[in-house]
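Please build the complex by placing chain B on the supplied structure of chain A, with the hints as guidance.
Protein chains: 2
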Amino acid sequence: MLDYPALEALAEIIRRGSFEAAAHALSITPSAISQRIRNLEDRSGTVLIDRGPPVQGTKAGLRLAAHLDQVRLLERGLIQTIPDALPVIRLAINADSLATWAMPPLTAAPGLLDVVIDDQDHALDWLRNAHVTAALTSDSRPVSGCDSIPLGRMRYRATASPEFIARYFPNGPDSRSLGRAPALSFNSKDGLQDRWARRIAGRRIALPLHRIASSQAFAEATRLGLGWGMNPEVMIAADLDSGQLIDLAPDQPLDIPLYWQIARISAPALMPLTRAIKKAARTALLP
Amino acid sequence: MLDYPALEALAEIIRRGSFEAAAHALSITPSAISQRIRNLEDRSGTVLIDRGPPVQGTKAGLRLAAHLDQVRLLERGLIQTIPDALPVIRLAINADSLATWAMPPLTAAPGLLDVVIDDQDHALDWLRNAHVTAALTSDSRPVSGCDSIPLGRMRYRATASPEFIARYFPNGPDSRSLGRAPALSFNSKDGLQDRWARRIAGRRIALPLHRIASSQAFAEATRLGLGWGMNPEVMIAADLDSGQLIDLAPDQPLDIPLYWQIARISAPALMPLTRAIKKAARTALLP
Numbered sequence: 001m002l003d004y005p006a007l008e009a010l011a012e013i014i015r016r017g018s019f020e021a022a023a024h025a026l027s028i029t030p031s032a033i034s035q036r037i038r039n040l041e042d043r044s045g046t047v048l049i050d051r052g053p054p055v056q057g058t059k060a061g062l063r064l065a066a067h068l069d070q071v072r073l074l075e076r077g078l079i080q081t082i083p084d085a086l087p088v089i090r091l092a093i094n095a096d097s098l099a100t101w102a103m104p105p106l107t108a109a110p111g112l113l114d115v116v117i118d119d120q121d122h123a124l125d126w127l128r129n130a131h132v133t134a135a136l137t138s139d140s141r142p143v144s145g146c147d148s149i150p151l152g153r154m155r156y157r158a159t160a161s162p163e164f165i166a167r168y169f170p171n172g173p174d175s176r177s178l179g180r181a182p183a184l185s186f187n188s189k190d191g192l193q194d195r196w197a198r199r200i201a202g203r204r205i206a207l208p209l210h211r212i213a214s215s216q217a218f219a220e221a222t223r224l225g226l227g228w229g230m231n232p233e234v235m236i237a238a239d240l241d242s243g244q245l246i247d248l249a250p251d252q253p254l255d256i257p258l259y260w261q262i263a264r265i266s267a268p269a270l271m272p273l274t275r276a277i278k279k280a281a282r283t284a285l286l287p
Numbered sequence: 001m002l003d004y005p006a007l008e009a010l011a012e013i014i015r016r017g018s019f020e021a022a023a024h025a026l027s028i029t030p031s032a033i034s035q036r037i038r039n040l041e042d043r044s045g046t047v048l049i050d051r052g053p054p055v056q057g058t059k060a061g062l063r064l065a066a067h068l069d070q071v072r073l074l075e076r077g078l079i080q081t082i083p084d085a086l087p088v089i090r091l092a093i094n095a096d097s098l099a100t101w102a103m104p105p106l107t108a109a110p111g112l113l114d115v116v117i118d119d120q121d122h123a124l125d126w127l128r129n130a131h132v133t134a135a136l137t138s139d140s141r142p143v144s145g146c147d148s149i150p151l152g153r154m155r156y157r158a159t160a161s162p163e164f165i166a167r168y169f170p171n172g173p174d175s176r177s178l179g180r181a182p183a184l185s186f187n188s189k190d191g192l193q194d195r196w197a198r199r200i201a202g203r204r205i206a207l208p209l210h211r212i213a214s215s216q217a218f219a220e221a222t223r224l225g226l227g228w229g230m231n232p233e234v235m236i237a238a239d240l241d242s243g244q245l246i247d248l249a250p251d252q253p254l255d256i257p258l259y260w261q262i263a264r265i266s267a268p269a270l271m272p273l274t275r276a277i278k279k280a281a282r283t284a285l286l287p
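The listed protein sequences correspond, in order, to chains A and B.
Quick note on numbering: full-length UniProt numbering labels position 168 of the first sequence as 168, and the sequence is numbered without any gaps.
Quick note on numbering: full-length UniProt numbering labels position 9 of the second sequence as 9, and the sequence is numbered without any gaps.
These are computed hints drawn from the structure, not numbers from a lab.
What you are looking at is a predicted structure, and each value in this text was computed from that prediction instead of being measured.
Even for Gly, the Cβ is constructed at its ideal location relative to N, Cα and C.
Treat the hints with care, since some could be wrong.
As the list claims (entries may be wrong) - Computed beta-carbon distance windows for the label pairs:
| # | chain 1 | residue 1 | chain 2 | residue 2 | range |
| --- | --- | --- | --- | --- | --- |
| 1 | B | T283 | A | R167 | 21 to 29 angstroms |
| 2 | B | T46 | A | L286 | 42 to 50 angstroms |
| 3 | B | N39 | A | K279 | 36 to 44 angstroms |
Claimed, not checked - Each computed SDA-like pair below joins lysine to any residue, with the alpha-carbon atoms no more than 25 angstroms apart:
| # | chain 1 | residue 1 | chain 2 | residue 2 |
| --- | --- | --- | --- | --- |
| 4 | A | K59 | B | K279 |
| 5 | B | K279 | A | E220 |
| 6 | A | K189 | B | L68 |
| 7 | B | K189 | A | P5 |
| 8 | B | K189 | A | K278 |
| 9 | A | K278 | B | G225 |
| 10 | B | K189 | A | L62 |
| 11 | A | K278 | B | R211 |
| 12 | B | K59 | A | H131 |
| 13 | A | K189 | B | G225 |
| 14 | B | K189 | A | D247 |
| 15 | B | K189 | A | R211 |
| 16 | A | K189 | B | G52 |
| 17 | B | K189 | A | P54 |
| 18 | A | K189 | B | T58 |
| 19 | A | K59 | B | T29 |
| 20 | B | K279 | A | R211 |
| 21 | A | K189 | B | N187 |
| 22 | A | K189 | B | G191 |
| 23 | A | K279 | B | R223 |
| 24 | A | K189 | B | T29 |
| 25 | A | K189 | B | R51 |
| 26 | B | K189 | A | V55 |
| 27 | A | K59 | B | R72 |
Pulled out of the complex, with its shape left as it was, chain A reads as follows (with noise of 0.2 angstroms):
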């Protein structure tokens, strides 16, 4: 059986990204916490947590730390936990879904909250990693010991602004004009543009990338004219109407379908928090 209170106190050291900090948040001394992460990595024989700075957690401390989280979670199923015991409920969330549609629904999750942001390709990887309880994603996958629900398709639009558009595509989007534009890229793990530029192109072009980590700098960058870039059409929509944004091939709109992907063990603690989201998601998505 593993150390449970030393399992606590790794995770408030990841989660409060101090020893200092956890020490005072679980009311014991600091020289205790770490007594508990040295027997816990004694016992293992690997380093759970990077010292730093910044204090971080090692893989293989990232993943006791999930585990502790979904033996919480199974716990909620038993009993009624007082109030600081709350579990905490780790999700990976697209950031353009975050951005407009799934902030509401989150809040019907049973605990407080985690929530990382990932863009759509890639969020399996904290599902496989067991660093997140569930996923909203792209990708549909199926993840061993996961569940996968169809949500719906986001309409995404290549977009830029009148007075970019006048400079770098006078004659529409072609192989050569895309090869000059600077497009914009949310990280390097964004392959909208590429996808949407292959398609017009109808061979690969290789963009010359500006990345913004951001979906509301993202849309905001298209309307100074930074560069053009697959936005949401519910994020733009207004810029649409208002012609502050244009549309670069209104017949090309990119339809990226989601997925809500839950480790079945956590489904049925979570199923507030997956009705919640397929509702909004019924309003919010095309089906």
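For chain B alone, coordinates are given in the frame of chain A:
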């Protein structure tokens, strides 16, 4: 002398997240790009790319890629470069600044932007490790080889929804109510809520914490009544006016000074960006 074509291959792989995409962007074969990386790794005696998935740079690989960016930036002072050799300007910007005032001045950057998000207390780690060229941060400590320019103060207000206040703070915030009311926090490095609670309670409080690593989702979660949190005043001014959010203690704002820290070697090339940042800060921040 370093092998710069190999460094270019390394930087493209890190930026695009795959060997294949990098080979395409550089118009060389995948086997040629693999060969370049292997040579570079043999000569430096260390692994530069974590083959994943996901494919990403190791610490040493990121440092080499950042070096290449600096060399390109220096070259820009010498010669007129061709459009597809635009230098990449890698910046760490704290999320709340990007969400409120910092995106427009960033468009003055002389090259392709690569904006990484960090909360305001730890962007210096990025600078120190030479993964970024400049950082917008609350940390005034000098970083060796960097200039630090004070920009002004961003005002934060402890806010919550009226329903949340009725439930958790009927008699206002104190050490007892703060220990029970869920707080919002950006990530494990976000100490604003802890600092404010400590000031109000006169001692440290172990806050029950939700974590949501997006400024806009953080504000939305406050409005939805998920928790209380420190929101930038400029971001939630309209909510305070309309009564959708209430200031927990109007006479207790938290003012966070912000600094523009910039690698001295890149300062001349980035002068237009620095000027734009300083100008925007004068209207957006308190003196």
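These are the hints, each one checked on the structure:
1. B:T283 x A:R167: 21 to 29 angstroms: At 28 angstroms between Cβs, range holds.
2. B:T46 x A:L286: 42 to 50 angstroms: For B:T46 and A:L286 the Cβ distance comes to about 48 angstroms; the hint holds.
3. B:N39 x A:K279: 36 to 44 angstroms: Violated: the Cβ-Cβ distance is about 55 angstroms, outside 36 to 44 angstroms.
4. A:K59 x B:K279: 43 angstroms, violated
5. B:K279 x A:E220: 19 angstroms, holds
6. A:K189 x B:L68: Given pair A:K189, B:L68 holds - Cα atoms ~21 angstroms apart, limit 25 angstroms.
7. B:K189 x A:P5: With Cα atoms ~24 angstroms apart, B:K189 and A:P5 stay inside 25 angstroms; holds.
8. B:K189 x A:K278: 32 angstroms, violated
9. A:K278 x B:G225: 21 angstroms, holds
10. B:K189 x A:L62: Given pair B:K189, A:L62 holds - Cα atoms ~16 angstroms apart, limit 25 angstroms.
11. A:K278 x B:R211: Answer holds: A:K278 to B:R211 is near 22 angstroms, not above 25 angstroms.
12. B:K59 x A:H131: 22 angstroms, holds
13. A:K189 x B:G225: The given pair, whose Cα atoms are some 33 angstroms apart, is violated under the 25 angstroms limit.
14. B:K189 x A:D247: Measuring from Cα to Cα gives roughly 39 angstroms; hence the hint is violated.
15. B:K189 x A:R211: 23 angstroms, holds
16. A:K189 x B:G52: It holds: about 13 angstroms lies between the C-alpha atoms, which stays within 25 angstroms.
17. B:K189 x A:P54: 9 angstroms, holds
18. A:K189 x B:T58: Given pair A:K189, B:T58 holds - Cα atoms ~16 angstroms apart, limit 25 angstroms.
19. A:K59 x B:T29: Violated, because 34 angstroms separates the two Cα atoms, which is more than 25 angstroms.
20. B:K279 x A:R211: Holds: B:K279 and A:R211 sit about 23 angstroms apart, inside 25 angstroms.
21. A:K189 x B:N187: 21 angstroms, holds
22. A:K189 x B:G191: 29 angstroms, violated
23. A:K279 x B:R223: 20 angstroms, holds
24. A:K189 x B:T29: 21 angstroms, holds
25. A:K189 x B:R51: This hinted pair holds, its Cα atoms lying about 14 angstroms apart.
26. B:K189 x A:V55: Cα-Cα ~10 angstroms, so holds.
27. A:K59 x B:R72: 35 angstroms, violated
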